[in-house]
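Chains Y and S, in that order, are what the protein sequence lines are.
Using this note's numbering, you'd call the opening residue of the first sequence number 1 and step up by one each time.
Using this note's numbering, you'd call the opening residue of the second sequence number 1 and step up by one each time.
Certain hints may be false.
Pairs of lysine-lysine, DSBU-like flavour, derived with a Cα cap of 30 Å [to be verified]:
hint, chain 1, residue 1, chain 2, residue 2
1, S, Lys116, Y, Lys95
2, Y, Lys86, S, Lys168
3, S, Lys17, S, Lys110
4, Y, Lys95, S, Lys117
5, S, Lys382, S, Lys168
Hints in this document: simulated from the structure, not taken from any laboratory.
Quick caveat, the model's predicted, so the values are computed rather than measured.
As a plain string of letters, each chain reads:
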Amino acid sequence: MIPLSHFMMISAALFCIGLFAVLSKKNAILILIGIEFMLNAAILNFVAFSKHDKLASGGQVFAVFAIVLAAATVAVTLAIVLNVYKYYKTIDPTKIDQLRD
Amino acid sequence: MNEFLPHITQLLNSAIKGFSYLLPELVLLITFILVILGDLFAPGKRSTLAFGICIAGIIISILVGWIQNLDIERIVLFDNTLVLDSVSISFKNIFSAVTILFAIFIRYNKALQEHKKGTGDLYMLLPAVLIGLNLMSMSASLLMIYLSVEMVSIASYLMVGYASADKKQTEAAMKYALFGSICSAVMLYGMSLLYAFTGSLNILDHDFLLRLNMLSDPAVSLALLLVLVGIGFKLSFVPLHFWSPDVYEGAATPVTAFLSTAPKIAGFALLIRFVEPFLLPAQPYELPEVFDFRTILAVVAIATMIIGNFSAIWQNNVKRMLAYSSIGYTGFALMAIVAFEGSGFYSLIIYFAIYSVMNMAAFMLVYKIEEHTGQTDIRAYKGLGKVLKPELICFVVVLVALTGLPPTAGFIAKLFIFSSAFEYYTSSGSVVILIMLITGAVTTVVSLFYYLKIPLFAYLRESETAIEPVKKRDFLTYVIVFLTVLLVVFGIFPGLLS
Numbered sequence: 001m002i003p004l005s006h007f008m009m010i011s012a013a014l015f016c017i018g019l020f021a022v023l024s025k026k027n028a029i030l031i032l033i034g035i036e037f038m039l040n041a042a043i044l045n046f047v048a049f050s051k052h053d054k055l056a057s058g059g060q061v062f063a064v065f066a067i068v069l070a071a072a073t074v075a076v077t078l079a080i081v082l083n084v085y086k087y088y089k090t091i092d093p094t095k096i097d098q099l100r101d
Numbered sequence: 001m002n003e004f005l006p007h008i009t010q011l012l013n014s015a016i017k018g019f020s021y022l023l024p025e026l027v028l029l030i031t032f033i034l035v036i037l038g039d040l041f042a043p044g045k046r047s048t049l050a051f052g053i054c055i056a057g058i059i060i061s062i063l064v065g066w067i068q069n070l071d072i073e074r075i076v077l078f079d080n081t082l083v084l085d086s087v088s089i090s091f092k093n094i095f096s097a098v099t100i101l102f103a104i105f106i107r108y109n110k111a112l113q114e115h116k117k118g119t120g121d122l123y124m125l126l127p128a129v130l131i132g133l134n135l136m137s138m139s140a141s142l143l144m145i146y147l148s149v150e151m152v153s154i155a156s157y158l159m160v161g162y163a164s165a166d167k168k169q170t171e172a173a174m175k176y177a178l179f180g181s182i183c184s185a186v187m188l189y190g191m192s193l194l195y196a197f198t199g200s201l202n203i204l205d206h207d208f209l210l211r212l213n214m215l216s217d218p219a220v221s222l223a224l225l226l227v228l229v230g231i232g233f234k235l236s237f238v239p240l241h242f243w244s245p246d247v248y249e250g251a252a253t254p255v256t257a258f259l260s261t262a263p264k265i266a267g268f269a270l271l272i273r274f275v276e277p278f279l280l281p282a283q284p285y286e287l288p289e290v291f292d293f294r295t296i297l298a299v300v301a302i303a304t305m306i307i308g309n310f311s312a313i314w315q316n317n318v319k320r321m322l323a324y325s326s327i328g329y330t331g332f333a334l335m336a337i338v339a340f341e342g343s344g345f346y347s348l349i350i351y352f353a354i355y356s357v358m359n360m361a362a363f364m365l366v367y368k369i370e371e372h373t374g375q376t377d378i379r380a381y382k383g384l385g386k387v388l389k390p391e392l393i394c395f396v397v398v399l400v401a402l403t404g405l406p407p408t409a410g411f412i413a414k415l416f417i418f419s420s421a422f423e424y425y426t427s428s429g430s431v432v433i434l435i436m437l438i439t440g441a442v443t444t445v446v447s448l449f450y451y452l453k454i455p456l457f458a459y460l461r462e463s464e465t466a467i468e469p470v471k472k473r474d475f476l477t478y479v480i481v482f483l484t485v486l487l488v489v490f491g492i493f494p495g496l497l498s
């Protein structure tokens with residue numbers, strides 16, 4: 001039996017890796033991958049802790065919804081990134097800066 | 001498996017009973033499908049059929065909701081997932097009205113109509129985003145909060161990126177989508193921590209607060225702050241505001257008008273639902289000192305008002321200026337949540353009803369001038385007062401309302417918030433609240449400087465080149481005049497609002 005604290009530690013590590021990728025990567029698609037890491041950290045927590053919530057199994061239901069919504073968001077964002085590439089010929093967010101104060 | 005069996009009947013009954021209260025949303029769902037089909041089989045030149053179905057569907061959903069909600073005090077649906085009470089019903093009406101105005105705005109926007117993709121798909125998004133907004137105002141469980149926020153977010157990304165006619169629009173869409181997904185991922189992690197701590201997704205659950213109280217304070221504060229990040233993105237309050245000027249400037253003007261109104265108000269509806277159990281627990285047990293929402297939100301409100309209003313002074317682009325001013329408005333509205341003491345969110349609802357009228361009218365006017373001169377720069381407004389006479393007169397009235405001066409409705413809106421915050425200050429005597437009140441008053445004066453820039457250029461500066469006169473006015477001008485009259489009437493007879 002794996003204790004729940006192990007799941008929490010792994011998910012915290014995943015979240016931090018994702019956050020690091022989001023903050024440091026200079027490529028829109030790698031940032032999206034970082035976001036996926038963060039989402040999966042949360043999903044892991046939900047599934048692990050639904051052990052305490054057997055009757056409603058809210059955590060497992062939440063995990064399923066989160067996976068579906070993550071896929072939908074990524075589909076939309078990839079389409080937008082593709083559009084950006086068409087105009088800028090780069091997907092480095094630091095170089096795409098026509099809108100600024 | 002067997003442990004579930006006794007509960008199945010109860011769950012099914014509550015689901016069947018719940019659907020009868022979701023009729024407005026079901027009507028919108030059917031509208032969504034009909035708009036897709038209508039636009040597929042009869043695209044027409046301006047997607048007239050899709051526009052008609054969209055408007056009709058939203059109006060039917062308002063009527064259905066109105067008939068059904070006549071005698072509803074407070075109902076909890078779907079096993080404590082949704083709450084239908086007078087607050088959420090008022091918010092739903094505001095969202096429907098804003099969406100109808102948005103549809104009309106799209107219909108009379110040349111840039112979108114001439115786009116090669118047409119506007120049929122944009123009309124399709126409206127019922128979908130309205131369902132999301134309605135659910136945001138009703139959600140009482142973490143799952144529903146996440147689902148509804150994502151529903152609105154995905155539709156908003158699509159709206160911003162929809163008519164990607166130039167570099168700026170695609171850039172705005174990418175910034176919005178990336179920043180939005182990051183914030184919602186952070187929020188989801190915060191929710192997963194809250195679920196881990198309490199074993200329940202329902203924020204109205206009595207055990208939810210009690211179990212949070214059993215944990216160490218830093219852990220709970222971290223989880224709640226992470227959830228606030230997600231809501232804060234929708235509200236664009238200060239540490240999370242920097243996407244909004246860029247997105248508002250880059251997106252098409254009708255989309256900007258919509259984004260700065262409906263999702264922001266829905267974010268407030270969500271924040272109300274989320275903080276309500278912490279500020280006012282339903283059971284008379286001792287309020288656990290879990291997390292001091294009031295102080296955190298008061299500090300955020302002060303920072304938001306200062307940064308929003310002072311940044312607006314330096315802007316030359318009208319859309320960017322209105323974006324910063326709407327950030328300032330967020331800070332002002334946060335005052336009402338900080339001061340919330342059980343007299344209901346009446347003042348906040350009136351504030352948002354008036355805010356949505358002012359904001360839609362302001363952006364419609366920005367578009368009208370953009371259509372005529374092709375500019376969104378304030379310096380290009382020189383001498384327009386002589387050409388676009390009715391438009392500029394309306395603009396001055398709307399700007400006076402945005403500043404919050406009598407005799408317009410903007411004054412009433414700010415007065416309600418101010419008096420409720422002041423009442424809370426006199427009963428609590430907190431210093432932070434006093435600083436918040438002073439900031440609110442000072443920034444209102446500051447806002448005069450940038451709002452009055454528009455009449456200054458339009459009336460007092462002469463244009464070097466001759467501007468051609470307006471040939472004919474379309475329906476949108478009448479809508480603007482109607483909204484402006486509404487602002488003045490509500491300002492003189494505030495009793496009409498209730």
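Are the Cα positions of Y/Lys95 and S/Lys117 separated by 30 Å at most? holds, 28 Å
Is it true that the CA of S/Lys116 sits at most 30 Å from the CA of Y/Lys95? holds, 28 Å
Between S/Lys17 and S/Lys110, does the CA-CA distance stay at or below 30 Å? violated, 45 Å
Pairwise hint evaluation, S/Lys168 against S/Lys382, where the allowed Cα distance is 30 Å at most: holds, 25 Å
Keeping to a limit of 30 Å between CA atoms, is the pair of Y/Lys86 and S/Lys168 held or broken? holds, 12 Å
Hint compliance for this structure: hint 3 is the single one not met.
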